[in-house]
Amino acid sequence: MKTLGNRLLQMLITLVGVSFLTFCLTYIAPGDPAMMVLEAGDTIVSEELIQKTREEMGLDKPFLVQYANWVGGLLNGDMGISYSAKKPVTEKLAEGFVGTLFLAAVTIIFVLIISLPLGIWSAVRQNEWPDYVVRVCSFIGVSMPNFWLGLMLLYIFGLKLGLFPITSSSVTAKGVVLPALTLAIYQSTKYVRQVRTVILDELHQDYVIGARARGLSEQVILWKHVLPNALLPLITLLGMSIGWLLGGVAVIEMVFSWPGIGATAVRAIMMRDYPLIEGFVLWIAIVYMVINFLVDLSYSYLDPKLRKGEAA
Amino acid sequence: MSDLSAFVKEHRLFSCYTLLVILIVLIAIFAPWLTPQDPMVGNLKNVLQTPTAEHLLGTDKLGRDTLSRIIAGTQVSLFMTICLVMLLALVGSAVGIVSGYFGGKTEMILMRFADMMLAFPGVVLAIAIAGILGGSVVNTILALLAVSWAKYARLVRSLVIKLRHSDFILAAKVNGATTLNILKRHIIPNILPMVVITGAMDIGTMMMEIAGLSFLGFGAQPPTPEWGLMLNEGRQYIQTAPWLMIYPGVAIFTVVAIFNLWGDSLRDVLDPRHE
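Residue numbers (our numbering), protein chains in the order written: chain A, 449 to 760; chain B, 818 to 1092.
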């Protein structure tokens, strides 16, 4: 229970720290938010008007008061109003999140389809040609910038073969394929190596020798004994990926014009929409930490050894 | 000379990759003399030309030679990456040594801060920092430095803590060595190999992140011949001039791959215990 309390405290400190840091950044950044709000709405900007807007937005108050006001609003579920969209920040983030969630789900499915069989294959045939081929491919993938991979897939499958739309401004099943595939290939290069290592580790365990001695077939040993044990360490990795994906993969979303939270954030940064940026960074921090926390929980739940350690 | 040839014989792969790395560094240094055409000056008569004998990799929207821009880009990308990795190693080691050797409240605060950075997806914050500060070469380096130092600090701290309690440090203390001397003669030489390995293995990743930021428009600004920025500009011409987005990507991939291979083999040479 003590570790749980510590964990929550650590999470709280991180949240406060990250939000404070972002707030500082937007505060010291060049450009006057009041000007930007006014310029967005086609009016002739006078000095008095700027002053009045600054007061309305609370920008004339000292820095710490502004931060306190923002945190106060946060506790009531209010993240402020986006300058560029003139909508509540929470609403903008929620809109983007639908796209991001869909993209993340499809990506994870692709990752599993690609990396599990390849990783297992390369482990079982260690130091034979399948192993070499898989390892070379995974090395190539690691060294390739994912946005460039996205562009190439877009060029080949979108433009030359015309199989998928080039841009997808709304969430569609056809539009998700290429961005998800790009992300999945990029992630799989790491997964394949992990799966391979984990399976190899398990194959060298005593219980595998025992099973062989009892005359079990290699197939049974692999599917019935090795795999269930090997899946456990992969859950951490999967959790990290989900956190990464839900954070919005800004670059890929921009390449494919996918309406996700990452693209929302990039546009917010380009337009210096500070409330939206602050909201986004806080959102990422929360998602990341909750996922990490859940991964740890599931880990201790799934691994009987850890459970026993807790009880003792 | 015989030492060198013995070393090459023993570490064939490493020597081979080192040669490639030296080649890239030479291209970067001598880029201004190697470019067949001026990478910054365009000719509006030659806009968006397909690859020809005169322009081997075609021209961009301002009629500038793509090959020349890629060669010039080697200098920009490599310079940014090396600066970033060296700063990372420096800042990370400083924080790691201070918190690992002296401990106490300083350590607690620094490590809480490091944990905070590690608990957060770096790239997102880097985009925010670079974007808010305004895109430029310096801001890109600062943004990535701000989100990546924690890994180095953690590593160095754990190495220093292990060293601090070792017998030879105690012996040095008993013999009356000053703290500064212990740090200089015993701690730093002992952590250096690991820091160098980590830095070398990070070059490829950092190069890709720099290119990624530039690709989004938060890094180097036009007309700088930076690979990520070139991909961003070429992206609009994906239909009419695909060479603009193919070749800069090939350049990033090649250089990153070489540095990754080199980093891995450097680890094998410097740290034989690994695997």
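I should point out that these hints are in silico values taken from the structure, not numbers from a laboratory.
Treat the hints loosely; a few may be bogus.
[To be verified] Listed next, the in silico BS3-like pairs over lysine-lysine satisfying Cα-Cα at most 25 Å (straight line):
#, chain 1, residue 1, chain 2, residue 2
1, B, 968, B, 922
2, B, 922, B, 878
3, B, 979, B, 990
4, B, 878, A, 608
5, B, 968, A, 638
6, A, 500, A, 534
- request: Take a quick look at whether residue 922 of chain B and residue 878 of chain B sit within 25 Å of each other, Cα to Cα.
  value: Roughly 57 Å separates the two Cα atoms, so the pair is violated.
task: Mind checking the alpha carbons of residue 968 of chain B and residue 638 of chain A for me, to see if they're no more than 25 Å apart?
output: 19 Å, holds
- request: Compare the distance between the alpha carbons of residue 878 of chain B and residue 608 of chain A with 25 Å, and conclude whether the hinted pair is satisfied.
  value: Given pair residue 878 of chain B, residue 608 of chain A holds - Cα atoms ~22 Å apart, limit 25 Å.
- request: Verify the proposed pairing of residue 979 of chain B with residue 990 of chain B, using a straight-line Cα cut of 25 Å.
  value: Between residue 979 of chain B and residue 990 of chain B the Cα gap is close to 16 Å, so the pair holds against 25 Å.
- prompt: Does the alpha-carbon distance linking residue 500 of chain A and residue 534 of chain A stay inside the 25 Å limit?
  reply: 18 Å, holds
message: Hinted pair, alpha-carbon criterion (25 Å max): residue 968 of chain B, residue 922 of chain B. Please report holds or violated.
response: Holds, at roughly 20 Å.
Checked against the numbered hints above, the structure breaks only hint 2 and satisfies the rest.
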